[in-house]
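Chain by chain, the residues run as shown.
2 protein chains.
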Amino acid sequence: MANITKKVSWSSRGDESGGGERTPLLNGSEEVRYTRQDAGCPKEIPHNEKLLSLKYESLDYDNSENQLFLEEERRMSFLGFKCLEISRWVICGLIGFLTGLIACCIDIAVENLAGVKYFVVKQNIEKFTEVGGLSISLILWAVLNAAFVMVGAIIVAFFEPGAAGSGIPQIKCYLNGVKIPRVVRLKTLVVKVCGVICSVAGGLAVGKEGPMIHSGAVVAAGVSQGRSTSLKKDFKIFEYFRRDTEKRDFVSAGAAAGVSAAFGAPVGGVLFSLEEGASFWNQMLTWRIFFASMISTFTLNFFLSIYNKKPGDLSSPGLINFGRFESDSVAYNLYEIPLFIVMGAAGGLLGALFNILNYWLTIFRIRYVHRPCLQVMEAMLVGAVTATVSFAMIYFSNDCQPLGPDQSEDYPLQLFCADGEYNSMATAFFNTPERSVRSLFHNPPGSYNPLTLSLFTLTYFFLACWTYGLTVSAGVFIPSLLIGAAWGRLFGILLASITPDGSIWADPGKYALIGAAAQLGGIVRMTLSLTVIMVEATGNVTYGLPIMLVLLTAKIVGDYFVEGLYDIHIKLQSVPFLHLEAPATSHWLTAREVMSAPVTCFNRIEKVGTIVDVLSNTSTNHNGFPVVVPVAASDDMGKVCGLILRSQLIVLLKHKVFVELARSRLTQRKLQLKDFRDAYPRFPPIQSIHVSQDERECMMDLTEFMNPTPYTVPQETSLPRVFKLFRALGLRHLVVVDSENRVVGLVTRKDLARYHLGKHGLEEMQLAQT
Amino acid sequence: MANITKKVSWSSRGDESGGGERTPLLNGSEEVRYTRQDAGCPKEIPHNEKLLSLKYESLDYDNSENQLFLEEERRMSFLGFKCLEISRWVICGLIGFLTGLIACCIDIAVENLAGVKYFVVKQNIEKFTEVGGLSISLILWAVLNAAFVMVGAIIVAFFEPGAAGSGIPQIKCYLNGVKIPRVVRLKTLVVKVCGVICSVAGGLAVGKEGPMIHSGAVVAAGVSQGRSTSLKKDFKIFEYFRRDTEKRDFVSAGAAAGVSAAFGAPVGGVLFSLEEGASFWNQMLTWRIFFASMISTFTLNFFLSIYNKKPGDLSSPGLINFGRFESDSVAYNLYEIPLFIVMGAAGGLLGALFNILNYWLTIFRIRYVHRPCLQVMEAMLVGAVTATVSFAMIYFSNDCQPLGPDQSEDYPLQLFCADGEYNSMATAFFNTPERSVRSLFHNPPGSYNPLTLSLFTLTYFFLACWTYGLTVSAGVFIPSLLIGAAWGRLFGILLASITPDGSIWADPGKYALIGAAAQLGGIVRMTLSLTVIMVEATGNVTYGLPIMLVLLTAKIVGDYFVEGLYDIHIKLQSVPFLHLEAPATSHWLTAREVMSAPVTCFNRIEKVGTIVDVLSNTSTNHNGFPVVVPVAASDDMGKVCGLILRSQLIVLLKHKVFVELARSRLTQRKLQLKDFRDAYPRFPPIQSIHVSQDERECMMDLTEFMNPTPYTVPQETSLPRVFKLFRALGLRHLVVVDSENRVVGLVTRKDLARYHLGKHGLEEMQLAQT
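For the record, the sequence lines run as chains A and B. Residue 372 in full-length UniProt numbering sits at position 372 of the first sequence, with consecutive numbering throughout. Residue 67 in full-length UniProt numbering sits at position 67 of the second sequence, with consecutive numbering throughout.
Don't take each hint at face value.
25 Å max Cα-Cα, derived BS3-like pairs, lysine-lysine [claimed, not checked]:
#, chain 1, residue 1, chain 2, residue 2
1, B, Lys55, B, Lys233
2, A, Lys233, A, Lys187
3, A, Lys179, A, Lys233
4, A, Lys759, A, Lys236
5, B, Lys233, B, Lys179
6, A, Lys639, B, Lys639
7, A, Lys82, B, Lys759
8, B, Lys82, A, Lys759
9, B, Lys639, B, Lys654
Covered, in the sense of this in silico footprint (three residues per stretch, anywhere, with C-beta under 8 Å from a C-beta of chain B), are these stretches of chain A [what the hints assert, rightly or not]:
#, region
10, 62-75
11, 260-268
12, 594-601
13, 704-716
If you are wondering where the hints come from, they were derived from the structure by calculation, not from laboratory data. We treat Cβ as the ideally placed atom computed from N, Cα and C, and that holds for glycine.
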């Protein structure tokens with residue numbers, strides 16, 4: 001059995017106990033650090049998957065049920081609760097509507113920009129095909145691409161680096177309960193939307209679907225708070241929802257709405273949010289999430305139908321549509337299922353390769369490409385290279401296909417083909433990736449020759465791998481689907497050619513679908529929600545079982561080598577991500593071994609100076625403090641009687657809620673929940689609050705503001721049990737007590753997140769200083 | 001604000017303290033009773049929705065992490081956990097396979113039996129139409145129906161009353177955490193399957209879908225335990241899963257597999273299970289549930305395709321198939337949505353009416369029809385009346401429709417129609433309800449005249465209402481869909497006739513679908529899962545938004561009048577059902593007011609006699625006992641140090657694990673978890689365990705067997721907070737402690753379930769004695 005030794009010892013913290021007038025012991029809270037790192041380690045450890053960063057705060061999903069809160073709830077009538085419930089529905093409707101609208105804008109903008117680009121390039125190529133000098137076309141294409149990409153990269157790199165990438169890792173973290181800085185700001189949304197339009201129009205191997213999820217989440221965070229801090233506008237509505245619990249619920253709805261708009265998959269969106277975020281199943285919440293998703297896909301569909309001049313045609317519910325898989329009488333045969341599973345395994349392998357390559361690339365980028373200028377240049381380089389490679393592939397390909405009467409190609413390139421024919425390689429490269437996926441799924445058998453597909457798979461694989469992680473806003477879903485569809489179709493064609501009766505494998509499009517699922521599953525390793533998303537996007541439930549088996553196989557095979565792409569990126573950011581369950585072999589760890597100790601506690605009535613000192617201690621930066629009743633005639637730790645948060649203390653200090661002042665200024669307005677809500681979520685730092693020397697000697701009565709019933713566990717509780725409680729209730733702080741109810745430690749997210757199953761059994765990560 | 005006074009005082013319990021040698025205070029546990037009921041109330045209060053029955057035990061979703069358990073977990077290697085995980089998948093696959101197989105058997109049996117019946121009656125009618133004497137046909141039909149129904153009713157009434165009805169209320173309760181006696185037994189399954197075949201073949205206004213959910217759950221409970229107590233066969237496999245936590249997880253999977261097989265809706269099945277059961281979202285569990293669902297629908301589909309001689313045709317994934325709703329370019333228009341919402345409201349009203357009528361009927365049945373013979377006779381009566389009414393409707397109808405070339409009717413009755421025509425009323429009445437639903441959805445416009453539909457709606461409404469609650473095994477889904485489809489189609493026809501340009505409402509089938517959703521939603525009030533089930537059954541995601549809006553409206557309107565049908569029946573059984581959240585206005589209640597007190601506690605080392613006495617006390621029948629360390633030199637309550645269950649104590653007593661014996665018989669085998677698992681789930685009653693007078697003087701050491709880290713809350717905790725903890729972790733007992741960690745009370749399911757929001761704010765239900 002795996003064994004583990006605490007590699008670090010706790011600092012004694014004697015230096016911080018200060019003047020000695022603080023009765024209870026100091027220390028221990030969400031942020032804890034180890035002596036070993038205090039002494040000698042490099043100050044800045046920016047990205048390391050072996051460390052847990054302390055720069056991330058947690059969201060507090062547990063309500064602080066202090067007296068103010070309870071009084072408010074008790075004052076509220078049944079009707080009041082009904083109104084709140086109705087507001088929640090209205091907000092979710094709004095979230096869905098706005099997310100759908102954004103998706104619609106992105107789609108129209110990309111269609112038009114890419115349309116203009118391909119039209120210009122096509123004209124140019126046609127002009128030069130006859131007379132020679134196609135290198136000019138190449139340069140034109142490359143420059144156009146690079147220009148688009150440059151704009152997209154500049155706004156991301158210089159204005160809002162948080163908008164880079166697909167945003168799914170960040171949203172995963174947020175739903176998991178980690179506050180990623182700047183992730184749900186309005187500015188991020190604007191940059192994200194513009195960025196994704198540029199990068200897709202710039203011809204990068206990217207999709208516009210991932211960013212939709214992020215966009216939905218930002219919309220939700222904005223709408224639900226009824227104000228924008230960026231715009232300095234407070235609509236004075238939805239004030240009740242200004243706390244982590246409610247906000248996170250709405251962000252789940254926003255993410256779901258994003259998925260729904262991206263793939264036309266409302267149920268998939270709900271399951272995505274549940275899979276990533278909601279640990280506690282709340283029926284009404286799920287129902288609202290579903291509502292937001294439905295509205296979102298409907299809005300997108302409705303406006304697109306108007307844009308396409310077919311109002312009321314609700315047949316394009318998402319940004320990507322796989323098109324209709326006509327279910328023949330026999331969709332697939334039982335004996336094909338093993339083949340599908342083999343494809344799943346292949347997808348897992350290729351996905352793992354993709355992830356490993358991307359991991360190395362990301363490490364390289366972190367070390368050497370961290371200046372914005374370099375990032376923009378790399379992005380432009382990738383844009384130009386993508387155009388060059390595509391051009392070369394098209395140029396050297398001699399796979400000519402006849403132009404059918406019901407031609408689905410938007411920009412058929414004739415190039416060197418005979419009249420009435422078009423270059424088949426161009427359908428894959430000279431097109432937005434969404435359209436290429438659809439062509440691979442639905443073009444009739446024989447539209448592609450195997451060589452075209454192999455070359456395409458190979459080049460696109462490396463291009464996509466290089467592209468993911470660039471400082472542009474872009475998703476990895478569509479490139480993955482495209483790679484998979486290409487090799488899946490190739491597999492189908494080969495199968496038909498090597499079997500005696502090729503006709504039974506007639507439809508290579510089916511294999512393209514399975515390949516796409518396998519490749520995507522191998523890269524992102526989502527399971528339940530991805531199955532449903534794929535099924536909804538194909539609009540054919542018959543493929544549910546094979547898709548599920550394929551995704552499952554891809555996940556098992558892929559997990560053997562390396563984690564999913566999003567998890568890799570989360571780990572590289574050293575985010576304290578909590579998985580759904582404690583590691584299997586962790587039953588022998590108890591709360592005593594896991595917790596941070598000793599803990600900084602406050603008394604019910606505490607000296608202002610003490611509080612200010614503790615909060616100002618930048619080396620600890622704790623966020624939650626147990627409130628204790630000292631045990632009479634004993635130097636021991638006090639009995640826990642509450643828990644108070646840094647943010648609450650800050651508001652109390654700001655409003656100078658001191659016992660002495662309360663006596664002298666009896667007419668003073670009592671502090672209300674509204675004051676806490678107004679300060680949410682950007683509580684001022686302690687440094688901005690001035691406390692005079694006289695005030696330092698005042699006392700603060702925390703009784704009314706602390707949470708009087710924090711969840712506690714005895715110190716013998718096993719890690720899985722602590723984990724379950726922590727995860728199920730979305731806690732931020734869990735007080736560990738002894739049999740006398742005295743505080744002995746505090747369990748926070750980092751204490752739990754640092755245990756994981758490695759190659760050699762249970763491993764413990766260290767905590768970074770930043 | 002609502003106010004509430006404790007209407008009952010606690011009994012002093014002085015009579016039960018017995019000899020006085022028990023140190024801690026006695027009393028209080030899962031089962032508590034009130035003095036007022038002790039004195040004078042009738043002994044047997046069989047069914048009352050104002051009471052909570054105490055005859056139901058709770059499932060324990062929280063693991064008892066005692067030393068034995070922890071030792072086992074710690075001994076287990078990582079590989080061991082992997083194997084367990086694989087077994088779970090295998091079991092889920094088996095559950096899906098067997099559930100699909102059962103669904104297949106039911107379908108084939110019903111098709112054949114009903115086919116024979118309709119063939120015979122049709123022949124007979126045709127014979128007598130010309131010559132007169134159709135009353136003989138009527139008698140034949142009525143007798144055939146009554147005969148089938150009699151068989152179905154007899155096996156249910158005399159062999160296994162638990163198999164009556166759809167089984168959905170029982171499964172809802174089980175997933176909610178209430179152990180309904182005999183609900184997951186093999187015998188129940190057999191009776192259920194035979195019963196549903198008889199009642200559907202007997203022409204009752206019932207469906208075979210609800211019972212599938214129950215069947216799936218029984219299969220799951222059986223397979224996962226690796227043994228059958230009824231058959232006295234232990235396969236010695238899956239022993240690890242012999243506890244409430246694991247079993248309940250598998251039952252969720254079984255219920256989902258049942259839904260999946262019934263409606264061809266694997267995702268709907270997953271959501272059903274989640275909506276009803278899993279309070280804690282567990283990703284791996286959900287994924288396994290999905291797997292079981294997929295396998296189930298695939299199995300059904302596969303075997304049905306073989307039966308229908310079209311092997312590999314995977315187009316009938318469920319017992320009921322709504323058929324393909326061909327999405328024209330415009331499925332519905334934006335301006336139709338208000339109409340759909342009006343239909344939703346109508347569905348809510350009609351559903352409420354249905355439920356109220358059925359409620360009165362059920363009350364009547366409880367009072368007057370509780371003898372099995374009477375029950376069988378009532379069922380036969382309903383069978384005969386159904387045939388008679390159907391016959392009368394067909395006889396007096398003169399709605400003749402031409403027999404088309406692509407005739408979808410299986411048994412077209414010509415009756416008095418001209419040659420080449422058939423009686424349209426007969427398509428609705430002279431058919432299995434599944435086929436009637438499909439006809440209403442898909443028959444071309446003009447197949448029914450409005451009068452036929454109105455009469456059909458009216459009669460079928462009352463027939464279905466009378467039928468639900470009979471002592472036969474049958475579901476209410478299909479009748480509800482049928483009623484709704486009939487009036488929905490009627491609505492569509494009327495709409496087309498009153499508007500100037502009728503052609504835009506061309507398809508009455510669309511309105512039939514919306515009406516079906518509205519009626520079903522109005523009766524059962526399921527929301528999320530029902531939307532997904534309907535969408536999956538129609539195979540067209542475009543209808544998602546209208547179906548959701550309709551179900552939502554139906555629920556809101558219906559809830560205004562009366563609860564859903566299943567909830568009514570659950571309440572009539574006085575089941576302590578826990579809803580997902582505490583009532584909104586309950587913040588002013590604290591654990592102190594909610595808990596049961598005083599509590600029967602044990603010492604770590606307790607006298608056997610004391611334990612036997614407490615367990616034998618039939619008037620209390622407690623199930624969980626806090627274990628305490630007495631506070632030195634004080635008569636006060638002890639500090640909590642563990643929690644032990646009745647079932648554990650029973651096993652300990654049975655194996656005579658006494659301190660004295662352990663000393664004398666050192667070689668004795670140590671008690672293992674296996675001993676507890678072998679006794680699960682039917683622990684012997686305390687009366688069957690003989691303890692001699694000498695043994696009564698022995699001591700038992702509970703340290704090793706108790707759960708040393710039970711969840712506790714301080715007594716000031718608000719009810720919603722207690723509720724959340726209880727529900728999120730699936731607890732059975734929650735110990736309430738004071739600031740010194742001394743036991744002051746115990747919160748159990750009944751303490752929480754008795755608060756509900758009534759017309760006048762928060763109301764408190766009383767606890768029944770039985």
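Do the hints match the structure? See the list:
| no. | hint | result |
| --- | --- | --- |
| 1 | B:Lys55 <-> B:Lys233 | violated (29 Å) |
| 2 | A:Lys233 <-> A:Lys187 | holds (14 Å) |
| 3 | A:Lys179 <-> A:Lys233 | holds (23 Å) |
| 4 | A:Lys759 <-> A:Lys236 | violated (53 Å) |
| 5 | B:Lys233 <-> B:Lys179 | holds (23 Å) |
| 6 | A:Lys639 <-> B:Lys639 | holds (14 Å) |
| 7 | A:Lys82 <-> B:Lys759 | holds (14 Å) |
| 8 | B:Lys82 <-> A:Lys759 | holds (14 Å) |
| 9 | B:Lys639 <-> B:Lys654 | violated (28 Å) |
| 10 | 62-75 | holds (count 6) |
| 11 | 260-268 | holds (count 3) |
| 12 | 594-601 | violated (count 0) |
| 13 | 704-716 | holds (count 7) |
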